[in-house]
Amino acid sequence: MSTKPFRPDVDAPEYKGKYVPYDIIKEGTIAIIVVGLLVVLLATLFGSPDERAITVKAWSNADPIDFATTALGELNGSTVTAKYGAPYNTAAPGQNLGPLRLAQFAGVTIPVNTVRDFVINPLSSLPYDKPLSAALTEWKSASASQQKSWVSNYTAGASKMTWSNGQINVPATNAGPVPELINKLTSMARSGALDQALVTGGGFYTTNYTKPLLFVADGTYLANLAQKQHLLGSQWGMMNETGSYPGQAWLWLYTFWYQVPPFNSSSNADVQVSALMGLLSILLLLLPFIPGLRSIPRKVKVYRLIWREHYSA
Amino acid sequence: MAYFWSLAALIPLNNYGHYIHWGVIDISLANFIVIVLMIIAFIAALFLPFPGRSRRKESR
Numbered sequence: 208m209s210t211k212p213f214r215p216d217v218d219a220p221e222y223k224g225k226y227v228p229y230d231i232i233k234e235g236t237i238a239i240i241v242v243g244l245l246v247v248l249l250a251t252l253f254g255s256p257d258e259r260a261i262t263v264k265a266w267s268n269a270d271p272i273d274f275a276t277t278a279l280g281e282l283n284g285s286t287v288t289a290k291y292g293a294p295y296n297t298a299a300p301g302q303n304l305g306p307l308r309l310a311q312f313a314g315v316t317i318p319v320n321t322v323r324d325f326v327i328n329p330l331s332s333l334p335y336d337k338p339l340s341a342a343l344t345e346w347k348s349a350s351a352s353q354q355k356s357w358v359s360n361y362t363a364g365a366s367k368m369t370w371s372n373g374q375i376n377v378p379a380t381n382a383g384p385v386p387e388l389i390n391k392l393t394s395m396a397r398s399g400a401l402d403q404a405l406v407t408g409g410g411f412y413t414t415n416y417t418k419p420l421l422f423v424a425d426g427t428y429l430a431n432l433a434q435k436q437h438l439l440g441s442q443w444g445m446m447n448e449t450g451s452y453p454g455q456a457w458l459w460l461y462t463f464w465y466q467v468p469p470f471n472s473s474s475n476a477d478v479q480v481s482a483l484m485g486l487l488s489i490l491l492l493l494l495p496f497i498p499g500l501r502s503i504p505r506k507v508k509v510y511r512l513i514w515r516e517h518y519s520a
Numbered sequence: 003m004a005y006f007w008s009l010a011a012l013i014p015l016n017n018y019g020h021y022i023h024w025g026v027i028d029i030s031l032a033n034f035i036v037i038v039l040m041i042i043a044f045i046a047a048l049f050l051p052f053p054g055r056s057r058r059k060e061s062r
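As given, the protein sequences belong to chains A and B, one line each in that order.
Here the working numbering runs 207 ahead of the position in the first sequence, where the first position is 1.
Here the working numbering runs 2 ahead of the position in the second sequence, where the first position is 1.
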């Protein structure tokens with residue numbers, strides 16, 4: 208009878224030591240009770256993060272000029288959402304992994320037309336107002352080139368935008384209905400009605416906050432708040448929490464890649480980092496099958512420290 | 003009820019956090035403390051004796 212040679216890291220040697228009874232139910236129960244008591248104690252002492260939700264209303268009241276500038280950006284197509292590509296529109300090819308156009312493969316699954324969805328439709332949902340109604344009619348009946356010309360003329364003066372007496376003022380000529388649209392949208396936002404119009408636009412259930420989130424994220428207000436809380440991607444924000452609470456420390460490796468070249472300057476960083484983490488996860492999953500790597504625990508010998516009682520016998 | 007609210011506010015954590023910068027590393031003090039505690043727990047798990055170890059030795 209031939210015997211195969213023993214292969215370290217592959218074959219399990221026969222255990223010839225002593226057996227000791229072990230009560231896993233008892234240990235599990237103790238662990239649950241101890242962790243439960245710790246959770247109650249820490250929650251009582253420290254509470255939990257309690258930041259107010261950032262709404263379009265809060266944003267437009269805190270910084271009406273930033274809101275109006277962003278609303279104009281939605282009209283002239285210069286915001287991040289307007290230029291993003293899939294899944295919102297076809298304005299850009301979106302993120303790719305080498306030759307794989309992943310965003311384009313997925314396609315436009317959440318269509319967002321910033322002019323229609325963020326400006327015209329919400330204003331059209333307001334109760335009848337003669338100047339606004341006339342402005343909307345003028346806009347809707349104009350050609351695309353005429354609309355573009357009005358927006359361009361208004362945009363040319365937007366760097367001198369001011370806010371006074373509850374009005375957005377821009378020194379612009381030949382801007383057609385655009386000043387009225389921007390002013391009424393700002394008033395609508397400051398009243399809170401725009402939040403509701405953007406949320407309910409999705410259907411019967413009012414739980415889809417995609418549009419108000421995109422709109423708020425297009426401005427600088429949200430980014431400034433996030434920067435103060437160290438939540439930006441360039442600040443390891445993925446593993447941070449608001450206030451002084453500990454965050455998601457286990458995401459350190461995921462967010463680490465965003466801080467170093469070439470990912471910190473790549474427009475495809477999201478898909479590149481996801482691919483890299485996927486590759487590393489597969490390596491970890493296949494560790495028992497990778498010669499060399501699978502030998503590390505045996506050679507480092509930490510297990511002999513844990514089971515020192517057994518190995519010293 | 004007011005007693006419990008005041009108890010929860012004993013150590014308020016909703017103020018802006020403190021951050022440690024070291025080269026490319028930018029870590030919140032709270033995350034740093036949690037990571038240090040995890041390392042201490044790992045080292046303690048390595049070196050602290052298993053419960054019931056002395057009893058097993060006596061029974062040998």
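Worth flagging that the hints you see were computed from the coordinates, not collected in a lab.
Each residue gets a CB set at the ideal place from its N, CA and C atoms; glycine is no exception.
Any given hint could turn out to be false.
[What the hints assert, rightly or not] Using C-beta positions, here's what the derived DEER-type ranges look like:
1. B:Phe49 x A:Asp230: 22 to 28 Å
2. A:Ser285 x B:Leu39: 35 to 41 Å
3. A:Ser472 x B:Phe49: 40 to 46 Å
4. B:Ile35 x A:Asn471: 24 to 30 Å
5. A:Glu516 x B:Val26: 51 to 57 Å
[Claimed, not checked] Under 7 Å between C-beta atoms, here's a sample of chain B residues computed to sit facing chain A:
6. Ile13
7. Gly19
8. Ala32
9. Leu48
[Said to hold, decoys possible] Here are some chain B residues pointing at chain A (derived, C-beta under 7 Å):
10. Leu15
11. Tyr21
12. His23
13. Asp28
14. Ser30
15. Asn33
16. Ile37
17. Val38
18. Leu39
State the violated hints by number, sorted upward, taking the hints as numbered earlier in the document. As far as the earlier hints go, 2, 5, 12, 17, 18 are violated by this structure, in ascending order.
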